[in-house]
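Asker: If you read the sequences in order, they're chains Z and G. Per the numbering used here: the first sequence = residues 1 to 511. Per the numbering used here: the second sequence = residues 1 to 252.
Careful: at least some of the hints might be erroneous.
Stretch-level coverage of chain G by chain Z, calculated; a stretch enters the list once three of its residues show a Cβ under 8 angstroms from a Cβ in chain Z [as the list claims (entries may be wrong)]: (1) 41 to 50; (2) 53 to 62; (3) 69 to 78; (4) 94 to 100; (5) 126 to 139.
Heads up, simulated EDC-like pairs for lysine to aspartate or glutamate below, C-alpha to C-alpha not over 16 angstroms straight-line [said to hold, decoys possible]: (6) G:Lys-78 x G:Asp-104; (7) Z:Lys-501 x Z:Asp-481; (8) G:Lys-210 x G:Asp-104; (9) Z:Lys-43 x Z:Glu-80; (10) Z:Lys-416 x G:Asp-106; (11) Z:Lys-401 x G:Asp-106; (12) Z:Lys-401 x G:Asp-104; (13) Z:Lys-222 x Z:Glu-240; (14) Z:Lys-251 x Z:Glu-80; (15) Z:Lys-354 x Z:Glu-264; (16) G:Lys-197 x G:Asp-158; (17) Z:Lys-416 x G:Asp-104; (18) Z:Lys-391 x Z:Asp-481; (19) Z:Lys-105 x Z:Asp-190; (20) G:Lys-210 x G:Asp-44; (21) Z:Lys-391 x G:Asp-118; (22) Z:Lys-391 x Z:Glu-448; (23) Z:Lys-389 x Z:Asp-333; (24) Z:Lys-389 x G:Asp-118; (25) G:Lys-63 x Z:Asp-489; (26) Z:Lys-222 x Z:Asp-235.
If you are wondering where the hints come from, they were derived from the structure by calculation, not from laboratory data. Glycine is no exception: its CB is placed at the ideal position from the N, C-alpha and C atoms.
Chain by chain, the residues:
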Amino acid sequence: MSGARHYYRPGSRLWLALRFSELPLEVLGVDASTETAMVVAEKQIVIYVNESAYKVGVRYGMDVTTAKLLSNCEVYQRDEEKEAKALQDLSAQLYQFTPYIEPYKSEWVTQAGLLLEVSTCLQLFSGIHLLTEKIFTYLHNTHYRFCYGYAHTSQGAWLLSFEQYFISGNENKELFCERLKKLPIQLLHDFPQEVEALEKTGFTNFGDITRQLDAQKITSIKKRWGAQFAQAICDIFAIEQNLQQKSLFDKPRLIYKPVEFFSENIQFDYPINQTDQLHYPIEHLLQNLSQYLRKRQLQCQYIQWIFSDIYHNHFALPVRSDTAESHWELLYDLTLIQLDNRELPFEVDSLTLKCQSAMPLQNRSQSLAFGKRSNSRESARSFAITMAKLKARLGDDAVFKLSYQDAILPESSNQKILLTETANQQLPALHKGALRPHWLLPTPALIEIRKRGLYWRGHLTLLAGPERIRATWWEKPEARDYFIAQRHDHVRLWIFLDLHKKDWFVHGIFG
Amino acid sequence: MHPTSTDNPDCTLDRLLGRSDIWRGQTKSLDVPAVMNTGYEALDAALLNGGWPTRSLVEVCQKGFQQQEWRVFEPVLKAGSNYVVLLNPPLMPFCQAMIQAGIDLDQVIVVRVSTAADFLASFVELARTASCDILLAWQQPYALSYTELRKCLLATNDGSGLCVLFRAENARQQSSPATLRLLSEITSSDIQLTLFKQKGTLEHSSQPIKISLPKAWTGLMPYHLLDQIPLPGKPDTTQRKPAKVTPLRRSK
């Protein structure tokens, strides 16, 4: 309360920095506070050291072998995706306190955290003390350890998180500047070269820099250490650069946009045990989803139905489409195909539709032909339905496309892909001119060597060749001489002589 | 009570005769059905409307283990702008050959089946799909009865593309409701196609249509024939008998 009265002035900002120093290890589900020496590595370089490992001399940037020799530490591989996900989840939860949330990640050291602008929320939460208490209570419930810092600028708050001053409630810009002046310049992690130059010049803390600023202007800093460094100093202390209308040049606060997804539920008046009765609710929910997607210019490829009974049993039915859709009709047909192939496990009391992975609407090119091609969306839909029916009947593996894979051995260059994937059709010049059969045997078939020559379901005569293919010398060396052969019934075959086994094989048929 | 069209027998007959699936012997139907250009002049000339008939069943009987379908249908596959579905192909198509032939791999879909019932159901589904431009289906190793073939034919009438069913040579002796039936054979220099049933015509040419094989398939000339190629400005010596050479026996 008192904090709100003392600090808050319209237009002034108050930033809270939350620095998650143990994040790389904690996201891996490992407790960082144990006695065991532990490091997290990325590309064989140590990017995080716990306290036990630090005590025995392991440092950031060391290679893993040295770290192991020094401390016999446990090495974990970094998972940046998990770190980003953790920060995203924390942002989503902290959104209840303030809408202004920015993630912060240092480019030079493994330090990540969140910057919260809280000046507009002080009144709502009755002051800085109560707001901080609530935020900390929430964060203590998570398993992430954190350090905090308050300042009038986001960068200043981040730097003060390395000192963690007690919150008195009387903080103002002058006090924050005083605190910042005491900090060592080594905390400017993103400017290693400039820090080195400053150290050589005799600068030890931020106070030395501000004294320089008082004596000369910011231009002197800009001249000696560059515009980027000067800008960083201005950002830390909120130094105004002789601007007539500075509000125009204020850096806008980023408004956190929570991840939005579609989830809607229908409760039935009586339990449903026949799939036919679900058709109308399914259609209704899908129409709502379609409306939601269209309003946001989104489309989706994957939805999930959750059937629930009165005993809270759940049954999930995922539905995937080969093409992304914002219309409901295709998803409706695909859902019914899925439902036709199974029975309901219980009497359904409620039905939920979830769509958590929507993507922005892609620009669709459409043929300008006004004839039969004009209904391309309709034909794409009918094709998607046919493919879904076939997959439901034959299995997902039975319906596929083919793609070229860059490989030397012919059998390795043929690749099965999903219908949603795009086939690689870039054939190297080496293969473009070579004669290739239309059919490839799954595994090369051994050719008999008889008195009259080669025999595979008939006598063979060589027509052309050889084309030598050598591959995989680093594991199982392969060397083959390929020929075109004609069988007695005039069928042309693609055969090869295995130079290692000294045997002949049929590999393909010209069709 | 007003007379309806069904009351008038002439009207009913006209409507029946207007259907494309009514066999009218030598009388050609008034509306010319859509066809796909085969890419071979001789074949186009032999086919009723100058190309492969769409929305109907084309049956290709193949001799032995021959699979010359790519050579015969390559021009159609290249020209197609929509999906091409290969149902139950005998082997895996080789991507490199398809890219060389100019076939768009993104448009080619392979469907594998494990039972005759699955084959029939898949054929019917695919033939009815409007966006399936070309359906190439290999019946073997499954056997299809006349009724099942009739189901396939009816499904193709609902679609809009070219539907081809590849069958074994002995299927030629069996009755089939297919609109077009032909036999495909390969010789040392060409593929020979014999049309033995074509709906809408009773004429059957005894002469097979020949599609020449690519030059690369014919291979190199044997060494003993090399001197028989006439050189420019020199008299033709191809009539000259090659020298007799006694084969050497391998000593044991």
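Asker: What hints, given by number in increasing order, does this structure fail?
Answerer: When the structure is compared with the hints, numbers 1, 2, 8, 14, 16, 18 and 22 turn out to be violated.
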